[in-house]
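Visitor: Sequence:
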Amino acid sequence: MLLGKACSSPVQPESIERSTIGSSVISTTRHLVTPFLSTNNAIPLDLGANANFQALLSLTKDVLEAFSEVPYVKIIVGVALKIIEISDEIKTHKERCDELVEKVVGFSRVVFEALLAFDRGKEILDMSGIKGDLLQIQGVFESIFSFLDDLKKSGMKSRIRSISNRGEIIQKISEQDRRLDNAIVMFQFKSVIKLRKYAESSGSDQFMARLSSNRQAPSRKSFSHRPRPQIFIGRSNEVEAISTHLQNCSQSNLPFRLCILGPGGIGKTSLALTIFHHDDICTKFKQDRYFISCEATSSADLLLSDLATTFAISMEGNILKTLLLHLHNNPCLLVLDNFETVWDPPDGRSQVESLLTEITSIDALTLIITMRGSQKPSGTRWSEVIPPLKPIDIDSAMTIFKAISRKSDNYARNLVKAVDCMPLAVTLLATLASVDGESTEALWHRWQRESTSMVEQGGGRLNNLEKSIELSISSPRMQNDPGALIFLGVLSMLPDGMSPDSMKVCEAYFPDNIMVYKAISSLRQNALIYEDTAKNIRVLNPIRLFIRKQHRAPEKTQAFLYGYFISLALQGTLYTDPAIRSRLEKETGNINAILLEALESATIQDLTEVVQATISFSHYAYVSGKGSIQAISRAIDRIENLDLRNTNNSKLLENPGTTKRTHWRGLNRRLQILISYLVKSRREPVEDDKITEANSTLKLRADCLGCLGQLLSQQSKFSLAEEKFRLAKNLHTLAGDVGGYAYDTLNLGILMAQNEKTSENALELFKQAVALHEKVGDLSGKAYDLLAAGDTLRELYRFSESDAMFSKAASLFSNLNNTSGKATALNGLGTVMLFRSRLHQAGNYFRDAAELSAREGDIIGQAESVSGLAIISLLHSRLPEAQIHIEHSISLRDPYEDPDYLHILGRIHIDKEDWDEATGVLSRALAIHRDNGDSRREADDLCYLASIQYSQGNYRVTQDLACRALAKNPSKATTAQIKGLYALIMIHSSLFHVAERELNWSLTVYEEIEDIMGQGRILYLTGIYYIGLGDSEKASI
1 MLLGKACSSP VQPESIERST IGSSVISTTR HLVTPFLSTN NAIPLDLGAN ANFQALLSLT
61 KDVLEAFSEV PYVKIIVGVA LKIIEISDEI KTHKERCDEL VEKVVGFSRV VFEALLAFDR
121 GKEILDMSGI KGDLLQIQGV FESIFSFLDD LKKSGMKSRI RSISNRGEII QKISEQDRRL
181 DNAIVMFQFK SVIKLRKYAE SSGSDQFMAR LSSNRQAPSR KSFSHRPRPQ IFIGRSNEVE
241 AISTHLQNCS QSNLPFRLCI LGPGGIGKTS LALTIFHHDD ICTKFKQDRY FISCEATSSA
301 DLLLSDLATT FAISMEGNIL KTLLLHLHNN PCLLVLDNFE TVWDPPDGRS QVESLLTEIT
361 SIDALTLIIT MRGSQKPSGT RWSEVIPPLK PIDIDSAMTI FKAISRKSDN YARNLVKAVD
421 CMPLAVTLLA TLASVDGEST EALWHRWQRE STSMVEQGGG RLNNLEKSIE LSISSPRMQN
481 DPGALIFLGV LSMLPDGMSP DSMKVCEAYF PDNIMVYKAI SSLRQNALIY EDTAKNIRVL
541 NPIRLFIRKQ HRAPEKTQAF LYGYFISLAL QGTLYTDPAI RSRLEKETGN INAILLEALE
601 SATIQDLTEV VQATISFSHY AYVSGKGSIQ AISRAIDRIE NLDLRNTNNS KLLENPGTTK
661 RTHWRGLNRR LQILISYLVK SRREPVEDDK ITEANSTLKL RADCLGCLGQ LLSQQSKFSL
721 AEEKFRLAKN LHTLAGDVGG YAYDTLNLGI LMAQNEKTSE NALELFKQAV ALHEKVGDLS
781 GKAYDLLAAG DTLRELYRFS ESDAMFSKAA SLFSNLNNTS GKATALNGLG TVMLFRSRLH
841 QAGNYFRDAA ELSAREGDII GQAESVSGLA IISLLHSRLP EAQIHIEHSI SLRDPYEDPD
901 YLHILGRIHI DKEDWDEATG VLSRALAIHR DNGDSRREAD DLCYLASIQY SQGNYRVTQD
961 LACRALAKNP SKATTAQIKG LYALIMIHSS LFHVAERELN WSLTVYEEIE DIMGQGRILY
1021 LTGIYYIGLG DSEKASI
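Taking the UniProt record's numbering, the leading residue of the sequence shown gets 1, the next gets one more, and so forth.
Treat the hints with caution; some may be incorrect.
Mimicking DSS-like on lysine-lysine, the simulated pairs with C-alpha atoms at most 30 angstroms apart in a straight line are [stated by the list, open to error]: (1) Lys390 with Lys626; (2) Lys390 with Lys402; (3) Lys286 with Lys321; (4) Lys402 with Lys467; (5) Lys376 with Lys402; (6) Lys407 with Lys376; (7) Lys94 with Lys284.
Here are the in silico distance ranges between beta carbons for each label pair [as the list claims (entries may be wrong)]: (8) Glu507 with Ala534: 50 to 58 angstroms; (9) Glu450 with Glu531: 23 to 31 angstroms; (10) Asn844 with His993: 56 to 64 angstroms; (11) Glu507 with Arg446: 24 to 32 angstroms; (12) Ala364 with Gly132: 17 to 25 angstroms; (13) Met454 with Asn844: 57 to 65 angstroms.
Because the hints were derived from the structure by calculation, they are not lab data. Note that CB positions come from ideal geometry on N, CA and C, so glycine has one too.
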């Protein structure tokens, strides 16, 4: 007996023992068959009258007798019967489960009939060629039974407890459905080939007739019905475009051939299913819609077999000819999902494309395929409807997250942004968040530790983000170009992608002879990269993080990238050069990322250069308002960890006096104008020319601390900034660095000037800084000391002294050809003129300052001066012009949201009487000021929010807001404004004596601080006061 080959080398024990279901079924299979055959009472009601079921039962006994010595066949029979037995006990999702069970019945019949075709009485044909497929069917049947058994259990006590909603259960049913499809197609195709070969070799007409009788496959039309995605958001444009194009093709009698492309997890299948179930499609095709997963289809022959099974095409004769005739006579919609699986292998691609060309030659066929990548199969004229899919927008992603998890907060938003709004990743993260007791905050912290490895719910590509990504990078197209994965490792190091300029450098100097543009082509074909609007080649963040973890670039390649971006960072102090500034602006995120990595891995010999690059780039980050404090913070940590006693570090002794310094912009603000100071980098002489190794390290660390303090101050983190400045001051003292000590004194003075009570102390520190800078001959430093003093004097309403300080600083900067410093001084003079209501002069200063800042690339300085122009336009009631100016300032600082600019915008909306918009913008400004601990600016915001309420007649709310504003220790000018508003409330309440007192106090304050416009406003309110008293004569005066 040829079966002896199969039986003498039976399935391995581990194959049997891997399932407790299979093990238990062998001994009970015959007992299971008897009740089904003898009585209808044990037959599930929905299957009792089913022809497939009755045929299956009649086959079961014969199969068990013929294959009594083949354990895996007995297991398949037993598990199929157990599935039938349990089906009547399923109460939830009854309809979908019954469809699945009916499919098991139909396909079990196909398997049993094929097996009996192998039975030749005394001789059983060799089944070794289909043994693996039978084992696969066994595994699928066991998985289906386990799922149904869990589903039936009361209280959902087993694995189903983890399924959080109905959509998840439907998805699991569909997954079992697909696995069953794939297993049966493979088995049927191989068994038919094996039987046909035997029949042809034996010449048995009787056997051929028997084979033909068993050849007809159940149509998937009866069984396979992939459900519409329950949550499908963010692709309305694509759905509309496809639907419209399909209608146009129908009206024009043109064939519709759509290829949906994109990376794994982007939503190709969901889009195809949404179209599959679209109302217009259902109306047009009704039941003539077919959805086939090609996930397990690896060749053109298997694809043809899959199609034949789907359309119930006989395996006799010319299958392709019969299929084409069927498609010609029966117009339908066919969706081939995951088509890249069958198309990707290069050795069989031409056959697959030929088969596809034959199919698409039938005009009656409407075809949609989905594929990973961006390359379409050739030979077919595809409809150009939509480009390869990209991630959905952030709002749609958040809607998906909330629909699944019922949670929506900043942590959820961080998670969604971290995966670049990829639908699969968003769905999996939301499912994790939906678990009772799981918080989005905890998930966010997990993401920061685990990244893509946490985004999985099972082993399949639809439940595991990393497996989905791995499928893309292990495709045959990637395997044919080894350099592609290496270059993907390079791109993964760059969060902002690779710019065209950097691409040229890579093409010319990239190590290991990698063909860069060929690698890019391979990566594009697999949709592993995309091009943004700036022509940068980018990698989606989940893919980038996975590659960083699993497929890092070789060390030689990383060293090349480090060297290139560190050389860019070292040009940070040369930002005034437009070409350099443009490069730095494009590469800001990449430079930050590379500096962090380089600081982490740098040897002691390389550390100084990397730290110098970090300080230099902090200079650019400061004036541009871009970048972060991470790199400079890490530089400080590395230097602190140096053990100089055990390290002979000659590199630290090189050029000890050339450390670059960038000093911060003081944040004393008045009338929402951000006054900023930038201290230029320079070489400062020190008292002792003989710098020791220890002094050099102390100086380097002190300069880093000074840089960090400046960046923290820019972010309004004043307490942390003060801590860093004091540390820097102590270290500069120990290192004997007088120049560094002078700048630390200046920075501490600016911090002290934030509080009106310590303003005089701040002025004293500025005097000390001036003396120190004069001592070392640093005129630029002296000019910045004067700027700080001028700003503080203006806040103290000592305008003449402030004017003099700003003028001296402007003169010094002009002599030093320091354009950026001069712009800052002119901006300061503009604010003094604005305080003194000399609007024309103020406008001239602001315009000149904005022009100089723009020329130098000083984004923050430009934004501040333009905001000054916005205030002047507002005071002149030129509201459209004012709004243009302030929106320009806001755009210059994007993505940083400056609350002072929001405050000005809110005031513009007040003058436009757009109360809702004004309230929203001012409330946002208030929240940011509160987070920054800036109580004076909070008082300003509350004051104008109170004025909105007064204009709407809400006097009680107005009074409450005014009291809150007064509790914030506002400036004199703001206090006077609040008391004027309070006086209006008193007039309305006929408390004229209180109103008079408040008006007199406010007028006195405005006169004291020389605020002419404030005085005019109070006089106007005094007129209203007299009208309320009925004294029209005094009111007119």
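Visitor: It remains to establish, for every hint, whether it holds in the given structure.
Guide: Structure-based check of all given hints:
no., hint, result
1, Lys390 with Lys626, "holds, 27 angstroms"
2, Lys390 with Lys402, "holds, 21 angstroms"
3, Lys286 with Lys321, "holds, 25 angstroms"
4, Lys402 with Lys467, "holds, 25 angstroms"
5, Lys376 with Lys402, "violated, 35 angstroms"
6, Lys407 with Lys376, "violated, 39 angstroms"
7, Lys94 with Lys284, "holds, 29 angstroms"
8, Glu507 with Ala534: 50 to 58 angstroms, "violated, 18 angstroms"
9, Glu450 with Glu531: 23 to 31 angstroms, "holds, 30 angstroms"
10, Asn844 with His993: 56 to 64 angstroms, "violated, 45 angstroms"
11, Glu507 with Arg446: 24 to 32 angstroms, "violated, 39 angstroms"
12, Ala364 with Gly132: 17 to 25 angstroms, "violated, 38 angstroms"
13, Met454 with Asn844: 57 to 65 angstroms, "holds, 58 angstroms"
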